[in-house]
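These protein sequence lines map, in sequence, to chains U and X. Residue numbers 1 to 329, in this note's numbering, belong to the letters of the first sequence in order. Residue numbers 1 to 329, in this note's numbering, belong to the letters of the second sequence in order.
I should point out that these hints are in silico values taken from the structure, not numbers from a laboratory. Remember, it's a predicted structure, so these values are computed and weren't measured experimentally. C-beta atoms are modelled at their ideal positions from N, C-alpha and C, and glycine is treated no differently. Keep in mind that a hint or two might mislead.
If you want a taste of the chain U side facing chain X, the calculated C-beta under 7 Å gives, among others [as the list claims (entries may be wrong)]:
| hint | residue |
| --- | --- |
| 1 | 20 |
| 2 | 33 |
| 3 | 36 |
| 4 | 137 |
| 5 | 147 |
Not close to chain U: a few residues of chain X, all C-beta gaps over 12 Å, as computed [to be verified]:
| hint | residue |
| --- | --- |
| 6 | 116 |
| 7 | 279 |
| 8 | 291 |
2 protein chains.
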Amino acid sequence: MKAGEDQLVQRIAKALASKSRARLALGIGDDAALLVPRAGCATVLTCDWFLEGSHFLRDKHPPDSIGWKCLARAVSDVAAMGAEPTHFLLSLAVPGTLTGPWLDRFLRGLARAARRFDCQLAGGDTTRSDKILINVTVVGEVRSGRAVLRSGAKPGDLIYVTGRLGEAEFGLRSFRRGRNASHRNSLSVRKHLYPEPRLAIGRWVAAKRIATSMMDLSDGLSSDLPRLCAASRVGARIVADRLPKAKTPVEKHLKDLDLIELALNGGDDYELLFTVRPSQARRLPPAFRGIPLSCIGEITRERRVLLVWPGGREETLSARGWDPFRHRN
Amino acid sequence: MKAGEDQLVQRIAKALASKSRARLALGIGDDAALLVPRAGCATVLTCDWFLEGSHFLRDKHPPDSIGWKCLARAVSDVAAMGAEPTHFLLSLAVPGTLTGPWLDRFLRGLARAARRFDCQLAGGDTTRSDKILINVTVVGEVRSGRAVLRSGAKPGDLIYVTGRLGEAEFGLRSFRRGRNASHRNSLSVRKHLYPEPRLAIGRWVAAKRIATSMMDLSDGLSSDLPRLCAASRVGARIVADRLPKAKTPVEKHLKDLDLIELALNGGDDYELLFTVRPSQARRLPPAFRGIPLSCIGEITRERRVLLVWPGGREETLSARGWDPFRHRN
Chain U
1 MKAGEDQLVQ RIAKALASKS RARLALGIGD DAALLVPRAG CATVLTCDWF LEGSHFLRDK
61 HPPDSIGWKC LARAVSDVAA MGAEPTHFLL SLAVPGTLTG PWLDRFLRGL ARAARRFDCQ
121 LAGGDTTRSD KILINVTVVG EVRSGRAVLR SGAKPGDLIY VTGRLGEAEF GLRSFRRGRN
181 ASHRNSLSVR KHLYPEPRLA IGRWVAAKRI ATSMMDLSDG LSSDLPRLCA ASRVGARIVA
241 DRLPKAKTPV EKHLKDLDLI ELALNGGDDY ELLFTVRPSQ ARRLPPAFRG IPLSCIGEIT
301 RERRVLLVWP GGREETLSAR GWDPFRHRN
Chain X
1 MKAGEDQLVQ RIAKALASKS RARLALGIGD DAALLVPRAG CATVLTCDWF LEGSHFLRDK
61 HPPDSIGWKC LARAVSDVAA MGAEPTHFLL SLAVPGTLTG PWLDRFLRGL ARAARRFDCQ
121 LAGGDTTRSD KILINVTVVG EVRSGRAVLR SGAKPGDLIY VTGRLGEAEF GLRSFRRGRN
181 ASHRNSLSVR KHLYPEPRLA IGRWVAAKRI ATSMMDLSDG LSSDLPRLCA ASRVGARIVA
241 DRLPKAKTPV EKHLKDLDLI ELALNGGDDY ELLFTVRPSQ ARRLPPAFRG IPLSCIGEIT
301 RERRVLLVWP GGREETLSAR GWDPFRHRN
């Protein structure tokens, strides 16, 4: 008799078992999970698709990176509120042929991410399908009134980003070309496979009331910055020269322009984009725990998003980041 | 230029707009939703796949029934805890060709369900895929200590079910055979297309502390009752004659045995299965707001699940309900 759904759920529960049961009154195995909310906190809730063919390739991507990244992506949305993740639900649909070693490796990557982000499996749903389908719901918490929204930016605020932009896209391109395992160890390929949501920075700028608005960069700056501006009913002017570009090996001979294009339009970075009142800017160090914090421009009253090239030429920034309804992989 | 993801999200938000913003501090349009938990309540959390090919057929099922049912299925898990749904997340992946009239009809069914279950859209994720993929996360609340778990059944407890079992499976079979729209109006076909989670009964048996254990019947009694027994570390003896079978039109000429088989193994009923101490049984009416409440047997110390046939023959109940890893549609 083939292993059924119940056996699969037991394997998932075992692989993700956690010593801590903090505020999880009831986990996997009942109709629903029961969480105990922390007094004085709002509940943060988000979910994210991670689909074979659109977001990863079954034959190319290591299963443990699929496990890591499906959680990291959703946790990044929680980081972007200045909140802490606490629990997650895993919805997993896989072909029957992948319920052996593939699943074990997937679950190892997921378990490693769950420990790193201090986010506990609370439940989910498992079924069979021809393609690998993943949906992750993450629950988090943030002190009431301290969440940082997209809508709080004001004209004159300075615009910051964490880390280096376009690095994950550069990593994806290297990964696609790569024929041997050594490629997987380059910084940019690791960023593509195992992104690190900026939880600590997000919490810090929220707790210290440094950021007036914030979001994470998942589709690319040229798509995401206009979303923050639209939510805040403002515009922005960013400076090409100030973009923190990917560091690339010398032998790649990439032109500077290509690196700016990657920084503007590359997706999957999971860095944070946030705005700061000028009077607060002195509180920001040049880096936070080794992650650069770069001022790339400022918020404007006029509701356009402009890019300033070296020499002073200005152009309207076009959304050229990732949009599933406009792209084909 | 094609409509992108942002336009799609705006259409979904508009179709699901609600006058009430009860305890939703921040809805669609930011990185995550912010909910305000109610003091003295636990947060209930569940999610459910609803996939083309496995759970519905694109060419057969009316889009509004797909919208209704994807939410109803997940809400049923909340009903099974004795809890109230409050918010949900919609993860929707569709082919680009279905973002027109199909999506409008889908959203109408979903909006109707959201109003009926008093459950508000708080967020989600939208992307493109070849097949229609749906995942719904429902958040609910229940007074601390009042949730009814699967694990509370004790030997001697009486076993109850709501409604009639096998009706949705009977409806599915009629629906598959049906060539005209009149089929859609039969009670059983409507139950297949537009199931009604038993929220009021679930809340009532939880609030009055009548039920010692509870779960919803989604895969079929023969698969689900053993799960409740395993969680409670008990067995059960149920009586074939007492099963509330589907009412069928006279002209169908179905044998009684077939109706018992449907009641045991038919999935998708979304009725409640719960256990009651014998001393509490007198508090249960024969029906609750028109929905029959039937005692079908009792919990036993011996950890087997037995079915008693007319005449007294006993057999071990085999799990023949729905299991995605053992069935092919």
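How the hints compare with the structure:
1. 20: With Cβ-Cβ at 17 Å, over 7 Å, it is violated.
2. 33: holds (5 Å)
3. 36: holds (6 Å)
4. 137: holds (5 Å)
5. 147: holds (6 Å)
6. 116: Non-interface label on residue 116/X holds, nearest chain U Cβ at 19 Å vs cutoff 12 Å.
7. 279: Given a closest Cβ separation of 25 Å, the condition holds.
8. 291: holds (19 Å)
Hint violations for this structure: number 1 only, all remaining hints satisfied.
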